[in-house]
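K.L.:
Chains as they are written, first to last, in this note's numbering: chain Y, 114 to 350; chain L, 301 to 716.
None of these hints come from the bench; they were simulated from the model. Owing to the predicted nature of the structure, the values given are computational and were not obtained by experimental measurement. Be aware that one or more of the hints could be misleading.
As the list claims (entries may be wrong) - Chain L regions said to be covered by chain Y (calculated; three or more residues, Cβ under 8 Å):
1. 627-638
2. 657-666
What the hints assert, rightly or not - Under the rule of at most 25 Å between Cα atoms (straight-line distance), these lysine to any residue pairs were calculated in the SDA-like manner:
3. Y:170 <-> L:706
4. Y:122 <-> L:310
5. Y:227 <-> L:311
6. Y:228 <-> L:631
7. Y:211 <-> L:710
8. Y:170 <-> L:628
9. Y:175 <-> L:708
10. Y:211 <-> L:707
11. L:320 <-> Y:209
12. Y:233 <-> L:714
Said to hold, decoys possible - Interface residues of chain Y toward chain L, partial, derived using beta-carbon atoms under 7 Å:
13. 163
14. 207
15. 224
C-beta: ideal position from N, C-alpha, C; glycine also.
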Amino acid sequence: MLIKLENIKKEFSNDEIVTKVLHGISFDIEKGDFVSIMGPSGSGKSTLMHIVGLLDKTTSGKYYLEGRDVTTLDDTELALLRNEKIGFVFQSFNLLAKSTVLENVMLPLVYSTKKGDAEKKARNVLEQVGLKHRIDYMPNQISGGEKQRVAIARALVNEPSVIFADEPTGNLDSKSGIQVMEILQKLNEEGNTIILVTHETFTAEHAKRIIYIRDGLLESDTLVKKRRFAHDGDMLK
Amino acid sequence: MILQIKQAIRSPIQSLLANKVRSFLTILGIVIGVSAVVVIMAVGAGAQSLILGQIESLGSDLVGVLPGNSGDGAPASAMGIVVTTLTYDDLLAIKNKNNAPNIKEATAYVKGFSSVSWGSNSYDTNISGTTASYLDVEGGEVEFGRFFTEAEEKSTSKIVVLGSTVAKEVFGQSDPIGKKVKIKKRTFEVIGVMKERGTVAFQNYDDQVFIPIVTMQKTVEGIDHITMMRMKISHEDNTEIAIEEVKATLREEHGIKDTTGTEDDFTVRGAAQALDIITTITDSLKFFLAAMAAISLIVGGIGIMNIMLISVNERTREIGLRKAVGANNRHILIQFLLESIVLTILGGLFGLVAGTLFSFLVAVVANALGYDWTFHVSLFSIILSVTVSMLIGLIFGIVPAKKASQLEPIEALRYE
Numbered sequence: 114m115l116i117k118l119e120n121i122k123k124e125f126s127n128d129e130i131v132t133k134v135l136h137g138i139s140f141d142i143e144k145g146d147f148v149s150i151m152g153p154s155g156s157g158k159s160t161l162m163h164i165v166g167l168l169d170k171t172t173s174g175k176y177y178l179e180g181r182d183v184t185t186l187d188d189t190e191l192a193l194l195r196n197e198k199i200g201f202v203f204q205s206f207n208l209l210a211k212s213t214v215l216e217n218v219m220l221p222l223v224y225s226t227k228k229g230d231a232e233k234k235a236r237n238v239l240e241q242v243g244l245k246h247r248i249d250y251m252p253n254q255i256s257g258g259e260k261q262r263v264a265i266a267r268a269l270v271n272e273p274s275v276i277f278a279d280e281p282t283g284n285l286d287s288k289s290g291i292q293v294m295e296i297l298q299k300l301n302e303e304g305n306t307i308i309l310v311t312h313e314t315f316t317a318e319h320a321k322r323i324i325y326i327r328d329g330l331l332e333s334d335t336l337v338k339k340r341r342f343a344h345d346g347d348m349l350k
Numbered sequence: 301m302i303l304q305i306k307q308a309i310r311s312p313i314q315s316l317l318a319n320k321v322r323s324f325l326t327i328l329g330i331v332i333g334v335s336a337v338v339v340i341m342a343v344g345a346g347a348q349s350l351i352l353g354q355i356e357s358l359g360s361d362l363v364g365v366l367p368g369n370s371g372d373g374a375p376a377s378a379m380g381i382v383v384t385t386l387t388y389d390d391l392l393a394i395k396n397k398n399n400a401p402n403i404k405e406a407t408a409y410v411k412g413f414s415s416v417s418w419g420s421n422s423y424d425t426n427i428s429g430t431t432a433s434y435l436d437v438e439g440g441e442v443e444f445g446r447f448f449t450e451a452e453e454k455s456t457s458k459i460v461v462l463g464s465t466v467a468k469e470v471f472g473q474s475d476p477i478g479k480k481v482k483i484k485k486r487t488f489e490v491i492g493v494m495k496e497r498g499t500v501a502f503q504n505y506d507d508q509v510f511i512p513i514v515t516m517q518k519t520v521e522g523i524d525h526i527t528m529m530r531m532k533i534s535h536e537d538n539t540e541i542a543i544e545e546v547k548a549t550l551r552e553e554h555g556i557k558d559t560t561g562t563e564d565d566f567t568v569r570g571a572a573q574a575l576d577i578i579t580t581i582t583d584s585l586k587f588f589l590a591a592m593a594a595i596s597l598i599v600g601g602i603g604i605m606n607i608m609l610i611s612v613n614e615r616t617r618e619i620g621l622r623k624a625v626g627a628n629n630r631h632i633l634i635q636f637l638l639e640s641i642v643l644t645i646l647g648g649l650f651g652l653v654a655g656t657l658f659s660f661l662v663a664v665v666a667n668a669l670g671y672d673w674t675f676h677v678s679l680f681s682i683i684l685s686v687t688v689s690m691l692i693g694l695i696f697g698i699v700p701a702k703k704a705s706q707l708e709p710i711e712a713l714r715y716e
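Work out the full structure, taking the sequences as your base and the hints as a guide.
P.N.:
As structure tokens, then:
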């Protein structure tokens, strides 16, 4: 089991006003899965992703990543796990504006304890996302779709166990969005586990499974019956 | 780790280049502070060596005797107190070879200030009542005429030898020898004019006139004491013995039994001692000024802290991203600390270059003006300025770096 959540709860307290965001969520994700987390805004899906992505801590409940309880880890151990086990793709790309495409992709390796030729690894993943010709460009010299592909390359570079994509097509036109989904599906076929957070059914249906969150509770957890495939021009299969 | 260091050094240089004006203003405080310290140390050292060089050129084989017991401190006369414990007889006793065999020559002074007038020309100058042995002790040459003799020194002859400045001011192109001048309403005959010597160690040798010491005491001032004595030692190595001889002679003359020096009513100082005192004074002056200049380094450090705090705010998203991809608090802390240190070291290096150039300029100008000025930026001030600017980066960078490192990754990623 890659990810196992047991009754995850999360509260935010702000000046004695306690806001309960997650009321107890449990689910498992197997290695090699492609899961969409859906829900309306305010449902807690982003908070859930932050917790599963080790960017935030739970108030109560257990979270096992690759069999290890990560709810008791300190900041430094969490940072190391984020570095080695998790790759993030954000809606707003979050590239370093003053660094080249190659340097952006190499960023996780700066903090990595794994050995190996960082530049070679970065070049390889850039080739995987079809951006070999943009290696020395600055982020402001490439299109939005290309920026998101750089971000995907950055998420891949340290060979993580799971890739989180938070509304990866939210800031893109539909053509670039489809390209991004095609890359994510290809990566999944190659064995990568992918968790996609989105509020669009169309995007969510590219995954194998959809977890629907409403009011801090898991409403449904279903397999996608008619999965969309980006490389077929998004025809239903 | 190597990647991280590479990045940490490149990243501030990148942001430096991206905000050229801001970066320049940020490190300006450090640049000014460091260059001020370097200039003060270098110019201070130059001035010090100039003064010491001049004093040494007067002869390190000189011993001075002042009235009153001033120990190692400032002489009583510096506070405007007139001490009358030294007399002309003391000089004669020291000149007696039986008393002080290691003293080669000795002279004494009664100092005064008056106008010297000839016809309608008048000039205010220093009047030195002195002895015939003046030339042997202090050096200097007579250009025209002659100096007075030992017989004239003991008589109350109204004769005068002019310093070159006084001769020029009072007589212009006329030949002064044999002319009568008025000093304190008394008429003196000019018997000689000194050769120009210039100002050495703050003392202008040309702006004075010499009259026999006894004439000065009895006729002009109406006193019995003398202002000071100066003497030349037979050999530099014998300074200590000579000073003891002088002290013993004066104690004998003044009837002082105590030989520890506490009851002495005079002070004997060698030139070496004077050099020590001047070195101490100029050193402390130099370091005091450097410390004042260092205050601007603190101000510069506050500027660095301010800009780094702004930079942390501006780069909140970047910090969030770095944390999301695996940077821990220490990584972020080190990154921002290195950035502020690179900034301040750059400032320190610019300041070092600017300060060195300015010190060099001072040396060039001083040499052009005829001073024997040495250009010297010490290794000490180079190491000092680089270490101090690095420390400032470290001290004033710690607060912003701490702030950056403690940002929560999600808060930082959400920040707009």
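K.L.:
Against each hint, give a clear statement of whether it holds in the structure.
P.N.:
Here is how each hint holds up against the structure:
Note: the segment 627-638 of chain L has 5 residues with beta-carbon separation from chain Y under 8 Å; the three-residue rule is met and the coverage holds. Only when three residues or more bring their CB closer than 8 Å to a CB of chain Y does the claim for the segment 657-666 of chain L stand; here the count is 0, and the claim is violated. Restraint check for residue 170 of chain Y and residue 706 of chain L: the C-alpha separation of about 15 Å stays at or below 25 Å, so the hint holds. Between residue 122 of chain Y and residue 310 of chain L the CA atoms are separated by roughly 42 Å; this puts the pair beyond 25 Å, and the hint is violated.
Under the criterion of a C-alpha separation no larger than 25 Å, the hint pairing residue 227 of chain Y with residue 311 of chain L is consistent with the structure, at around 23 Å. At most 25 Å may separate the alpha-carbon atoms for a hinted pair to count; residue 228 of chain Y and residue 631 of chain L meet this at roughly 18 Å. A hinted pair counts as satisfied when its Cα atoms are at most 25 Å apart, and residue 211 of chain Y with residue 710 of chain L qualifies at roughly 22 Å. A distance of roughly 15 Å separates the Cα atoms of residue 170 of chain Y and residue 628 of chain L; the hinted pair therefore holds under the 25 Å criterion.
Proposed proximity of residue 175 of chain Y and residue 708 of chain L is supported: the alpha carbons are some 21 Å apart, at most 25 Å. Between the alpha carbons of residue 211 of chain Y and residue 707 of chain L the distance comes to roughly 21 Å, so the proposed pair stays at or under 25 Å and holds. Restraint check: the Cα-Cα separation between residue 320 of chain L and residue 209 of chain Y comes to about 19 Å, which is no more than 25 Å; the hinted pair holds. At most 25 Å may separate the alpha-carbon atoms for a hinted pair to count; residue 233 of chain Y and residue 714 of chain L exceed this at roughly 32 Å.
The criterion of a C-beta within 7 Å of any C-beta in chain L is met by residue 163 of chain Y, whose closest approach is roughly 5 Å, and the hint holds. Using the Cβ-Cβ criterion of 7 Å, the hint placing residue 207 of chain Y at the interface with chain L is satisfied: the shortest such distance is roughly 5 Å. Here the hint on residue 224 of chain Y is kept, as its CB sits about 4 Å from the closest CB of chain L, short of 7 Å.
Violated hints for the displayed structure, listed by number in ascending order: 2, 4 and 12.
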